[in-house]
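2 protein chains.
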Amino acid sequence: MPHSRQLHLGAFMRPVSLHTGAWRFPGAYPDANFNFKHLKRFVQTLEKACFDAFFMADHLAVLNMPVDALKRSHTATSFEPFTLLSALASVTERIGLIATASTTFDEPYHIARRFASLDHLSEGRAGWNLVTTSNPDAARNFGREEHMEHDERYRRAREFYDVVTGLWDSWADDAFVRDTDAGLFFDPSKLHVLDHKGKYLSVRGPLNIARPVQGWPVVVQAGSSEAGKQLAAETADAVFTAQSNLAAGKRFYADVKGRMEQLGRERDHLKILPGAFVVVGDTRDQALEKRALLDTFVHYESGIASLSIALGHDVSPFDPDGPLPEIPETNASRSSRERVIELARAERLTIRELAQRVGGYSGLQMVGTAVEIADEMEQWLVEEGSDGFNVMFPYLPEGLDDFVGKVVPELQRRGIFRRAYEGATLRDHFGLPRPGNRFFEGR
Amino acid sequence: MPHSRQLHLGAFMRPVSLHTGAWRFPGAYPDANFNFKHLKRFVQTLEKACFDAFFMADHLAVLNMPVDALKRSHTATSFEPFTLLSALASVTERIGLIATASTTFDEPYHIARRFASLDHLSEGRAGWNLVTTSNPDAARNFGREEHMEHDERYRRAREFYDVVTGLWDSWADDAFVRDTDAGLFFDPSKLHVLDHKGKYLSVRGPLNIARPVQGWPVVVQAGSSEAGKQLAAETADAVFTAQSNLAAGKRFYADVKGRMEQLGRERDHLKILPGAFVVVGDTRDQALEKRALLDTFVHYESGIASLSIALGHDVSPFDPDGPLPEIPETNASRSSRERVIELARAERLTIRELAQRVGGYSGLQMVGTAVEIADEMEQWLVEEGSDGFNVMFPYLPEGLDDFVGKVVPELQRRGIFRRAYEGATLRDHFGLPRPGNRFFEGR
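As given, the protein sequences belong to chains A and B, one line each in that order.
Counted the way my numbering counts, the first sequence spans residues 24 to 466.
Counted the way my numbering counts, the second sequence spans residues 24 to 466.
Isolated chain A (complex conformation) (with noise of 0.2 angstroms):
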């Protein structure tokens, strides 16, 4: 029997791994960035482990970082999200395909399309990643000096939404007829022009495609701030956040779900899932090994100038192998730079050891042996932390096909992770209803 509620695995991977150091790691594919043939093996390999969804990380510029430690790392550049996406749909046939597209530097008609071609190439496993973009770098490449202020993104975001869904309804389900004989390809009752005149955005309409066949794509959303956290509560199917432990994890995930009560929406119609970096041993110990050697192949050039983003503060003229001094206060992120305080007093790490952690990946992991790790992760879906987990590997393949083999199979024989698909979309994946036509059904 298995247990009442499931894990949802997304896989959230650049293509040669999220660690900046990975593709020195032995058995590493440093060319995957622009290799079709291993993104192929990954998501195959995925999909026989029944993942819910593959995600690829997505930047709408080069990394905002010095050149120096730029060039260290194999994250400035990549496939773009919707051709590689579209690309996997016609070698898989369940897995779910989440991109990223952003509120801010494109258009609703553009986006609205896209996904739902998406949707209909994969046959109903598109998801958007609703993203306002909040890196400076992409608007200078989008015409614009000046980033748009945090809240007027929030804003714009929403309208975005509406319109995207709102073409997304341009046809009802059924409006096709295609009756050959009466030469009638669709019902003109059943085709909808929005005609949204809104402070941001002016949308006509109808869209030049059908109703996607998950009627919308699942949207989700990563954002953490008050404005992002009630715009998922709003409007996402699914969330991806970054929460450092179990503690901060139960909290946020009240917090969501509470507002989605407060809205009149079921708390299961939107699943939260925190990224993991999980680094997987036959022991312990081993598992604690491979993390220490990933790190190793972060270059100290491209650590400090990470370390120093983060504490918002060049940290790179002090004594490498001596402890992290004290830091002012600065206009950086308070979280991220109290987080690396912290985890640098925690395991008394050096500032070179802490440069290359933060230069690596520094988020929520789960370093131990199969068992371990679906322990912890039993433990974040019970105490309601989470729904499951955005996983994230730390190398590949190797960090990849130990998951799969070793903690999806000790998942499964728990009961809280499928060994099948059941049902054909994303939405059945997740768990979710498949949203009705608001301007023929109502919602």
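Identical chains blur together in the list; that is why a pair holds if it fits in one copy or across any two.
Restricting the straight-line Cα-Cα distance to at most 20 angstroms, the calculated cross-link-like pairs of lysine to aspartate or glutamate (EDC-like) are: (1) K60 x E116; (2) K252 x E175; (3) K220 x E169; (4) K429 x E70; (5) K313 x E376; (6) K63 x E116; (7) K71 x E146; (8) K213 x D196; (9) K63 x E146; (10) K60 x E146.
Everything labelled a hint here was simulated from the structure, so no lab data went into it.
Following the hints, put chain B in place on chain A, whose structure we already have.
Leaving out everything else, chain B in the frame of chain A:
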């Protein structure tokens, strides 16, 4: 021994066919707009026949027609090009994949990135059909009530092209050294920041994707105005054009190639491919019967609306079975109006017949046996009317299978069309050089 000059063949398609009555033709797939399996089969068949490229028609709006006409046709909706072509990239190996993207309603950073990504995914088979988008309904889907004026659109297009190609050159071809021992992923001296600030566009760069496999994806244009022909002569690798007969084709060919010579470009470095609607029969009469049968599937409501649009005059009050009366001069495009009136006179068509012809397809057609069609294509090639054709199949799958099974072998027998791909990329198929990187090699 093959001829020195070879035909180049693109397939210009909609999923159900470009002909608005084709969804009712015996054996058609009326559901092909959203059935990827059909598209996959079509493109794999074209690849077996060694076609240079597959090109999907596109619009950024539901076509501007009265709904009583629109509802009679399959052409209102279909897949979005980037997602479709990317999905096709992973189920094909050699055929070129050409997508339309608008310089008026999209951002150069997105366009550069998506085509670069498609080029990497397909290992060098991407092509960009650069359009300025003349449809005013598209403007209303992108927040603009007033459409940009024609010459202004072309000036923006020229700057847009410079920005996109500049972004493609962000990285030298050998920028990514991936030296795992030294921890150096790329050579920063091989990264160029565009920092473009022009009249219409401001784009910093660099592009967050490696230089395309082809250097630059193939750039296709279709404009036939003075500004369009000049832009093509300056920038295009191929031109898709509508030419109603060989004499017109020869004038266009000489005009564009002449402009190239004046600009110091080699004539061979741009391929001119007029659209040709090809109906193959075992006899000429059978082919004519097929074309006539196809036109009967154009519903009168749809045909009369198309005819009225083409003439710029509502002709629905006239007797459908009578001849076309004198039509006053109007605001409609003069060339389209004159072409239609000439067609009615030359073939003594009733209004109904004319409506069904114009509503279906009324441009250049080749109707006959495989030998007759090959004769006509060879004549265009030899007399410098074109470098090949953008073939339109009247109905699917039969029209495509007829062309591939009957006309292609005849062209191959004559030594004017390849029997096997010689190169790997779309540039190879078209016989085009790979552009040097303007920032690292000059051009």
